[in-house]
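Chemist: Residues per chain are reported as follows:
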Amino acid sequence: MHRVSRAKRWGRGTTVLLVAVIVYLAALLLLPLGAMVAQVVRTGFGSLFRELLAPDAVRALELSIILAVIAAIVNGIFGIAAGIVFVRHRFLGRRVLDALSDMPLSVSPVMVGLAFLLIFGRGGWFEPVLQILHFKVTFAFPGLVIATLFVTLPFTLREVSYVLLELGEEEEEAAAILGASPWQIFWRVTLPNIKNALAYGVTLTVARALGEFGAVLILGGAISGKTQTGTTFINVAMEERREAAAYGMALVLAVASVLLLLVLEALKKVEIKEAD
Amino acid sequence: MGIRVDHLTKHFGSFVAVDDVTFDIPTGELVALLGPSGGGKSTILRIIAGLERADDGSVILDDQRVDHLHPRARHVGFVFQHYALFRHMTVFQNIAFGLQVQKMPKERREERVRELLRITGLEGLDERYPDQLSGGQRQRVALARSLAPEPRLLLLDEPFGAVDAKVREELRRWLRRMHEQIHVTSIFVTHDQEEAFAVADRVMIIHRGRLEQEGSPLQVLDEPSNEFVARFVGEVNVFDSVVREGMAEIGPVRVAVKKVESETVVRLVVRCYDIRLWRAERGVATVTRVLSFGDRVKVEATIDGGQSFVANFPRRSNLLTGVEPGCRADVEITHVRAYPVALGD
Amino acid sequence: MKRTFGAAIAAGPMGLGARVGVVLYLLFLVLIPLAAIVERGFAGGVGGIWHAVVSPMAAHALVLTLWTAALMAVVNAVMGTATAWILVRHPFPGSRFLATLVDLPFAIPTLVAGIMLVTLFGPQTALGGWLTVHGVPIVFATPGIILALLFITMPLVVRAVEPVLIELDPAEEEAAATLGAKPWTTFFRVVLPPILPAVASGTIQCFARAVAEFGSVVVVSGNIPGKTLTAPVYIFGEVEGDRPVVAAAVSVVLLLVAVGLLLATRVLQQQFVRRERA
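Protein sequences appear in the order of chains V, E and Z.
Read in my numbering, the first sequence has 142 at position 142, and its numbers run on one by one without any break.
Read in my numbering, the second sequence has 438 at position 162, and its numbers run on one by one without any break.
Read in my numbering, the third sequence has 811 at position 190, and its numbers run on one by one without any break.
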């Protein structure tokens, strides 16, 4: 006798799995988001707004944005150059350098802060140079820039590398045979092909830069109006029990993240459409 | 005994993939589902296997309705168009899979796998991985794998679609031989008419989800039941004509037509080997091209009045003497099927 | 210095100059800072590192960091694979929204993530209060750490597994079904083997990320020494307390873990590539 089983498209097992996954995702992702929105509503938009319009809040946000833009540009350019160098060149130590550029993903932000503090702070390797140049890195803007550049290093590089690897060299070869110069090849063949990957990597870079906390806290010191970024502002506000200010800034950063997320999804869709 | 498909119907949205198909296949027969691509043949096959569900109708295997059975409970073997071999398993493991699932003891399992390797001529390849095999070898592994659990029905979905021409011919002959050895009821899907005719005991012509005709290859070839079947099977010429008193005219060429009333507009379907021409002084047609295909010669010509056709000749046919592009020729039609044209066709 | 002819063309204007620039950038931004940590960490020799690591607070912090990250990684491996499976093979109305949601932890600042979790599970909230009373405190306790790590690293496994799942030919699963395999059998024998390297790679990435995590953990855990103080937070404490050598010493340990994991991933990738080519 055969055991009669339902030939539904979804067996019972799959439905259970489906429910489990949905519950898991909802509990882990939606609930915390919802809780924060509820808290924000409870605190009242009015007081949040007021706190956010205060000069130190505005300055903190500005600082975060500036750092994000710098990181996007510098590591964007690095990502393109290094992507090409790692994928199209072959030289001794290439693999080691490639692995090195992956390190920032596994290095704790506090260690980043510590490292640069050691180099640029009192008794550090570069201290004498900085003294001569009257240039301050620690507890100053340059320190924040360096910390942000470190933590956002791999994103654009990885996206661009992946695409370069997938595409191969044929289009560039075809262009060369047709007479194009190296710059022409770059602008008219390579760049358009990595456009999407670049945008995706830059978006990830911006998101990471806005979210950086540990390194900028240690290296910058969260000096209000000078080295206080969005995240360190929240930290200070929480310590000073200024709940409205903390939640307000947290909300702003959360909203920004969601917007960046939507940009990422839109870019993914473009990628899928182009692949067809 | 055998398999019966009863009023099978399947829609994908508003598209009718299978339209009220009914047929019977006795045990041990090798049948081809033949028809143009997208005509619903694969869908029928997948419904029989349980990989799709029909909207209406049922599938009956060995007098048992199987519509609510999951594919794994139907004891049906399925050979996929692109083999679907388990990429990360060796040939041996692929073939053994169905037996392992049945919890066959290890020794018996190995025996059976070795037997199948022998039958399919894959001895020595058992430790290879699919990506180390040629297309023809992969297809044989797919077949061995599906035969291992001794299914009561074997389904093959365009089994030779993904290999090149020479290999395809070999595989066809090999499949026919295998069937004679193993005798499991088999249905295979193809859009290649030659293939269907070379391998199958019976063919079923499927077009736009409907079963147009079924019969032996010769029956379908010589007695096509409608215009579609006539045009689909074999190389044909199609002429537009009007029947007057038992004769149809194609320009100056006249041919006798049975069982059609006078003044009926018809389409004449003439097989390329049922129309002959030879060089003539005045003639009724002009030869436009002569193409040599090794063992055959195809001659393209245009009958005065505009309708052109292709005639097939064996290579050393006497009729070809002096036939060359531009020359005049007389035409004779030896065999014709006439199908009245409905208004709006 | 070899390049294929085509690669030389495809590199365009990025020749020696670009290579030098890239190398220098990595040298100054990554290598030298990491070297500084190692240098300062070894200031007291290997003995110094040992001394710093076995101190009760540091030892507990390291152990806590490693086991919470490991536990979380295992949970993530299972749930991440399940999530990828559902998203790829069984789309349902709303699955696109869920797929977008999965990427949320990548975009959100870790500090904000910590705040969200405290807002949801904090002792003063209804949910948190109820849980604490029933003996499962989340915030200011280990479960909170694990939850935070789970949130932060959730996308890593899903993103690693998804592309490999998409590549898989569904006909292989159909074939298994026609050969009589039940769904679990099909999953374990036909689906899992090809995706295992991706699952492993994603899990390792997520473990590495979790060991390094600071922003969310510092908010959620309460940083109770000997109880909920993780290694990164400990290091932070030592830096703020102007004890850079101790901080560097413990950092060296974390660095070794990170490098070890990186090598493991590379080896895994090599193995994977070799099998594909075989």
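Hints are computed from structural coordinates only; laboratory data are not their basis.
The reader is advised that the hints may include incorrect statements.
Claimed, not checked - Below 30 angstroms or equal to it, Euclidean Cα-Cα: the simulated DSBU-like pairs (lysine-lysine) are:
| # | chain 1 | residue 1 | chain 2 | residue 2 |
| --- | --- | --- | --- | --- |
| 1 | V | Lys195 | V | Lys269 |
| 2 | Z | Lys848 | E | Lys379 |
| 3 | V | Lys273 | V | Lys136 |
| 4 | V | Lys268 | V | Lys195 |
| 5 | E | Lys382 | Z | Lys803 |
| 6 | E | Lys534 | E | Lys574 |
Claimed, not checked - Quick look at which bits of chain Z chain V covers, simulated, 3 or more residues with Cβ under 8 angstroms:
| # | region |
| --- | --- |
| 7 | 644-658 |
| 8 | 676-682 |
| 9 | 698-706 |
| 10 | 736-747 |
| 11 | 781-791 |
| 12 | 841-850 |
| 13 | 860-869 |
Yeah, the Cβ is synthetic: ideal placement off N, Cα and C, and Gly gets one too.
Chemist: Run every hint past the structure and note whether it holds.
Modeler: To see whether the hints hold, each was checked on the structure:
1. Lys195(V) <-> Lys269(V): Answer holds: lysine 195(V) to lysine 269(V) is near 14 angstroms, not above 30 angstroms.
2. Lys848(Z) <-> Lys379(E): Violated, because 51 angstroms separates the two Cα atoms, which is more than 30 angstroms.
3. Lys273(V) <-> Lys136(V): 48 angstroms, violated
4. Lys268(V) <-> Lys195(V): 12 angstroms, holds
5. Lys382(E) <-> Lys803(Z): 20 angstroms, holds
6. Lys534(E) <-> Lys574(E): Holds. Lysine 534(E) to lysine 574(E) sits at ~28 angstroms (cutoff 30 angstroms).
7. 644-658: holds (count 11)
8. 676-682: Per the Cβ count (0), the hint is violated.
9. 698-706: Satisfied; 4 residues make the cut.
10. 736-747: holds (count 6)
11. 781-791: violated (count 0)
12. 841-850: violated (count 0)
13. 860-869: With 5 residues closer than 8 angstroms to chain V, the region 860-869 of chain Z meets the three-residue bar; holds.
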